[in-house]
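Go ahead and model the full structure; you've got the sequences and the hints to work with.
These are the residues of each chain, in order.
Protein chains: 2
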Amino acid sequence: MRMRPFGRLISLDQAVAQLVRAARPVRATEEVLLEDAVGRVPVRTVRARTPVPPFPRATWDGYAFRSRSTRGARPDRPRNLRIVGEVFAERAFPRALGPDEAVAIATGGAIPRGADTVQIFEEAAVGKGWITIRAYVPPGERLARIGEDYRRGTPLAEAGRPLGPAAIGALASTGIRRVRVYRKPRVAMIPNGNELVVPGGKLGPHQIFESNNLVLGALVRALGGVPILVPPVVDDPRKIESAIRRQLPRADLVLLTGGSSVGERDYLPQILPRVGKLLFHGIAVRPGKPTLAAVRGGRLVIGMPGHPTSCLANGFWMLLPVLRRLGHLPGPGTIPLEVRFAAAYPIAPGALATVVPVRLAEGWAHPTFHGSHAITSLTDANAYLIVRPGEGSIRRGDRRRVELLPEPIGPAPLPK
Amino acid sequence: MRMRPFGRLISLDQAVAQLVRAARPVRATEEVLLEDAVGRVPVRTVRARTPVPPFPRATWDGYAFRSRSTRGARPDRPRNLRIVGEVFAERAFPRALGPDEAVAIATGGAIPRGADTVQIFEEAAVGKGWITIRAYVPPGERLARIGEDYRRGTPLAEAGRPLGPAAIGALASTGIRRVRVYRKPRVAMIPNGNELVVPGGKLGPHQIFESNNLVLGALVRALGGVPILVPPVVDDPRKIESAIRRQLPRADLVLLTGGSSVGERDYLPQILPRVGKLLFHGIAVRPGKPTLAAVRGGRLVIGMPGHPTSCLANGFWMLLPVLRRLGHLPGPGTIPLEVRFAAAYPIAPGALATVVPVRLAEGWAHPTFHGSHAITSLTDANAYLIVRPGEGSIRRGDRRRVELLPEPIGPAPLPK
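First to last, the sequence lines map onto chains A and B. With this note's numbering applied, the first sequence has no gaps in its numbers, which climb one by one up to 416 at the end. With this note's numbering applied, the second sequence has no gaps in its numbers, which climb one by one up to 416 at the end.
Since the hints were made in silico from the structure, they are not lab data. Using N, Cα and C, we set each Cβ at its ideal position, and we do this for glycine too. Keep in mind that the hints are not guaranteed to be accurate.
Unchecked claim - Where chain A lies over chain B, by a calculated footprint (3+ residues, C-beta under 8 Å):
hint, region
1, 45-59
2, 124-137
3, 143-153
4, 161-168
5, 214-226
6, 275-281
Shown next as structure tokens:
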């Protein structure tokens with residue numbers, strides 16, 4: 001059995017920086033209906049087509065009149081205004097209001113010409129055909145002026161910022177029905193190994209079920225991408241290379257799992273320099289050290305360890321920023337939180353950073369890791385901590401900054 | 001214009017408690033492929049069908065042998081073991097290993113009968129057909145025993161806990177391909193008002209575009225539900241009632257917007273007691289006070305103000321827990337964070353709680369609210385704070401616990 005040892009390992013921070021720099025954000029765009037747009041990223045800043053409100057509107061149920069008609073009103077010197085009609089939301093009052101006239105108006109109703117303020121029902125004494133006002137009502141009360149929410153041309157959704165419910169509402173309120181967004185990133189996943197059987201099939205002796213595709217596919221889905229699940233490829237360098245070449249034209253990112261280390265059958269270190277420019281082989285991190293990456297025409301090809309936990313740990317700290325970059329999503333995608341450790345966690349000394357998956361529950365971090373071959377090391381994790389070389393072991397009660405993984409990547413934390 | 005004033009307002013906390021208690025979680029189930037299962041909630045706890053690993057496997061590249069063969073090995077008294085073969089992942093060694101024999105083994109390879117430990121390549125001196133061991137290697141090194149990750153029957157995905165990538169991987173690793181999950185909650189949304197035009201259409205005089213459906217639909221989508229967007233219904237109590245009755249059999253929740261207050265054309269307070277048992281009318285909160293709810297056979301009908309911001313603020317503190325309950329999602333769905341306020345925010349005194357939407361950026365909370373009629377009050381918000389009656393105004397620099405809204409409900413916060 002031959003070995004091709006790692007060269008110089010690069011640090012975890014360098015690996016992320018290189019990958020994020022090399023990943024080319026998706027350029028293709030598509031138009032989607034607003035009802036399908038939540039979480040999607042607009043290509044251009046979208047501006048208001050109309051002012052909102054498009055006409056002056058009452059923001060409460062009440063009476064609209066001229067402010068000037070109430071000038072000098074006092075409890076002992078009230079003003080009476082004659083009720084000359086009523087305004088519901090969709091129909092306007094047909095003429096301009098004169099002095100000492102008022103109309104009953106419902107929330108959302110158009111303020112009549114001549115009126116410039118609204119008094120709410122509860123504060124007006126109502127007689128037969130009259131209201132009595134006992135204090136001056138300044139102009140502009142309980143109404144929204146034309147364009148008070150936003151004017152024509154106001155940016156309502158910014159390029160490169162994912163659409164949430166409020167932004168979708170803002171676009172709808174100016175009459176927009178469709179929005180141009182970036183296509184979802186497509187990520188091809190190729191598992192590599194003779195022993196792998198697709199779940200649902202039957203295991204022969206010494207075979208195991210392939211799970212990395214579904215793990216990474218779920219991560220890609222959770223981040224708004226489209227996974228392309230390629231069936232396992234046997235340990236044959238020509239077959240692996242041709243699988244990569246087949247996926248490169250259709251995928252924004254190609255992920256390989258297994259065959260990334262230094263053993264005789266670990267073919268990726270020979271193949272990747274042939275399909276693109278090798279960025280690195282070996283990251284100073286555990287789990288996840290046997291990771292390598294190449295880039296070809298702005299498309300990344302990343303080879304990761306077949307150990308499910310190494311693979312998913314890589315997913316958290318390395319793929320998440322790369323996938324966000326491909327999909328034009330801003331920020332790291334995790335939420336930093338200062339928490340105390342509920343248990344000690346020993347860190348082996350040396351030059352490797354350590355990824356420590358934890359479960360946050362009731363304000364404490366509980367380490368969940370028990371071996372990189374064990375997928376159950378991560379089923380409970382909803383956050384992780386990176387311990388950099390030299391930072392030492394974690395003691396019970398230590399406060400550390402962990403990165404919370406949003407649902408559904410991590411299960412929701414239990415409340416404090 | 002007639003008025004039917006509110007009765008006793010219930011508190012925000014009572015409103016949420018009543019709604020969550022009355023909401024019946026979806027009972028229907030469906031089977032989905034694992035590749036479509038991220039974020040879905042399993043109906044039953046799913047247990048391992050097989051032990052993993054199903055046979056003892058090497059967890060590193062190295063040599064497998066009997067630990068006993070190295071007993072007493074020291075740098076000055078090394079033991080030589082004869083290399084009798086090699087084991088790759090999918091193929092087993094054909095016979096039991098004898099004393100002083102070793103096989104080269106790749107990560108994932110089956111440990112031969114007779115062998116009980118693995119030494120990594122780097123720590124074994126290799127001769128022609130021999131390896132030299134200079135220290136005792138205890139049993140169980142660098143290998144995973146049968147069932148070491150999990151045994152047959154181990155729970156891999158819990159009932160009622162949404163599936164993340166790791167749980168999906170665990171299910172895949174035991175050969176499972178499909179999982180039974182709860183159907184997604186269906187939420188019918190009925191906007192109410194003569195002045196409303198669906199976005200994409202053309203505004204007449206004094207009309208406005210309907211946006212609440214799309215806002216609430218985006219919220220429902222973001223929480224894994226299925227929105228049913230009903231076109232606006234005019235202010236006619238019979239039409240509104242029949243729209244509700246049409247949706248009740250197909251929806252797990254019916255949301256109405258507009259027509260929920262105390263004005264003459266606010267028909268929901270008359271209609272809701274006819275279609276179900278009225279839970280409340282009027283919540284002691286601003287924005288959002290004109291909110292009412294009824295329940296019929298475990299199905300909630302909720303009427304909310306038509307003001308886009310009141311509607312979405314309700315969405316944050318009230319609908320989010322209700323939608324999570326319908327969809328069997330645990331916890332509140334927001335992330336509590338202690339932050340400082342970057343600006344003062346005045347709170348009017350009185351008996352109403354106040355919902356304060358904020359934008360978290362670089363560790364500070366910036367209030368974004370500028371009127372409940374203004375949808376732009378919320379387009380920047382990614383968190384909110386509830387100020388309860390009597391808690392007083394917020395001063396610049398105050399530390400408060402805010403509820404972070406996960407992406408894409410709130411835009412991702414800028415890092416500290």
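Here is what the structure says about each hint:
1. 45-59: holds (count 7)
2. 124-137: Answer violated; 0 residues pass the 8 Å Cβ test.
3. 143-153: holds (count 4)
4. 161-168: Coverage by chain A holds for the region 161-168 of chain B (8 residues, Cβ < 8 Å).
5. 214-226: With 8 residues closer than 8 Å to chain A, the region 214-226 of chain B meets the three-residue bar; holds.
6. 275-281: violated (count 0)
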